[in-house]
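Protein chains in written order, with the numbering used here: chain A, 4 to 98; chain B, 33 to 495.
No wet-lab data here; the hints were simulated from the structure.
There is no bait here: all hints are sound.
Using 30 Å as the maximum straight-line C-alpha spacing, the simulated DSS-like pairs for lysine-lysine come out as follows: (1) Lys54/B <-> Lys27/A; (2) Lys483/B <-> Lys109/B; (3) Lys289/B <-> Lys400/B; (4) Lys27/A <-> Lys398/B; (5) Lys322/B <-> Lys400/B; (6) Lys54/B <-> Lys400/B; (7) Lys483/B <-> Lys322/B; (8) Lys483/B <-> Lys493/B; (9) Lys483/B <-> Lys184/B; (10) Lys27/A <-> Lys289/B; (11) Lys400/B <-> Lys493/B; (12) Lys400/B <-> Lys27/A.
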Amino acid sequence: MEGLIASLTIFVLAIFVGFEVITKVPPTLHTPLMSGSNAISGITLVGALLSAGHQHTLLTTIFGFVAVVFATINVVGGFLVTNRMLGMFRKKEDR
Amino acid sequence: MSGALINLSYLTASALFVFCLKGLSHPRTAVRGNLYGALGMLLAVAVTLLDRQIVSFEVILAGILFGSAVGAAFALKVPMTAMPQMVALFNGFGGGASVLVAGASFLETIAAGYPPPARFLVAVSATGIIGAVTFFGSLVAFGKLQGLITEKAVVFRGQQAVNATIGLVCVVLGGWLVTTPWDSASYLALAGVASILGVLLVIPIGGADMPVVIALLNSYSGLAGAATGFVLDNNVLIIAGSLVGASGISLTRIMCKAMNRSLGNVLFGIGGTVGTGPAPGEEIYEGKVKSASPEEVAMVFDTARRVSIVPGYGMAVSQAQHAVRDLANLLESRGCEVEFAIHPVAGRMPGHMNVLLAEANIPYDKLKEMDEANSGFPQTDVALVIGANDVVNPLARTDPDSPIAGMPILDVDMARTVVVIKRSLSPGFAGIPNPLFAADNTVMLFGDGKKAILELIAALKEF
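Just need the whole structure built from these sequences, with the hints factored in.
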């Protein structure tokens, strides 16, 4: 039970941090913020690596493999596309 | 590597994620913020690979290589106009991964033979539901944005009752899973029914409400990750997931506010406004709409000292952003002041217009937010509306019975002259006529957005 309370504490506090950290985002950054945070949600990759690496049964390994693929697409694609978008914004600032 | 060291690394990764979001909310720090996020992810993945429980790396390596190749190809190749559907798709992958991880963890645990704790089972159920809803909801959003399925709201009688029932079935299946933790069928049933729910929740959402849904699915994908964290008892998943969940909700609220609607209204209420009664009042257009040729419109621009360009989804559809940039440059070279007025929900995702205009190399200090743009319209000679409709409809201000009543709009009608580039007088997403098109100071330039702009440029060069 104590473990659950500790996890819940972290969960609730992190939600508050999330709300606090991104106040007053200019509209220009709405899409990059979304795709960047989306890449962070690919953190499930950590869990996917464990599932794929345990090789418990064939089924769980398949689940793990597909999960690794999904999450990696999410992470790599998300950060790269955000960087690409921000690059387009930044170019003008330099000029 | 010891558990403490792994957890310390996870803590560092979590801190980097906070810096990432913080950085992404300011233009000057955004690039750095994104790099912090990538660094945090790299760290989290690297220490996870050192985990002793991992017995084999072949499957992992194959998955990472394949996923990276696909992700990078998407990210570097996809045109900016296709960004909304790509964001939708990526959201879905995050949710899908969560469903699979929770499923694998559940199967491993029940195979081990001893009864898992209830909190684990509750977390598995929650992940199954949220993850599957995210995955299939995102696929439907992707399909709509990609034009694979109708973009219109798909509504039927009793839809909300059906959705509520399916939601309830999900909860009951979750209860079954918690009370019979040796039966793997319960998880499959749960994920299956939640998938149906995901589809049904998104099909009634029409095109112009997409920004809200995309932001919301973004939030769900984070919450699915956090739920997976409860399954695996892993703090970095909980923290990263809830950060994203919160940021997605914040964005959703901004979008809802920009439409003056509650979230519930967007998700469930739209069925009430679309398709009820006959399309009202085409008669407001009768005899009042002035259509002009590109040459006539060019004459209006010829004398303009200050022009405000208002883009909408129509600009994205006709891929007119580069032509618009050329027009803006031409006007500026003639000593005219040009700015862009951006409505927060113009387009199909939060920030859609900003991304398109950035792609066309338009400096972002020329993009004005709604309030600033509105204070400038009375001093504007020409407001050029390209493929926007509901977000410039004055009925939002004047008609309290209108479906868009109270929605903040761009007051283009305050400008001296309004030029509207549009294919026809067909109503926008809200399904109502727009008195702006019939206003005394409005001229319509009918045609495809890009073609019309190019013709306008050619005509303007004649002067």
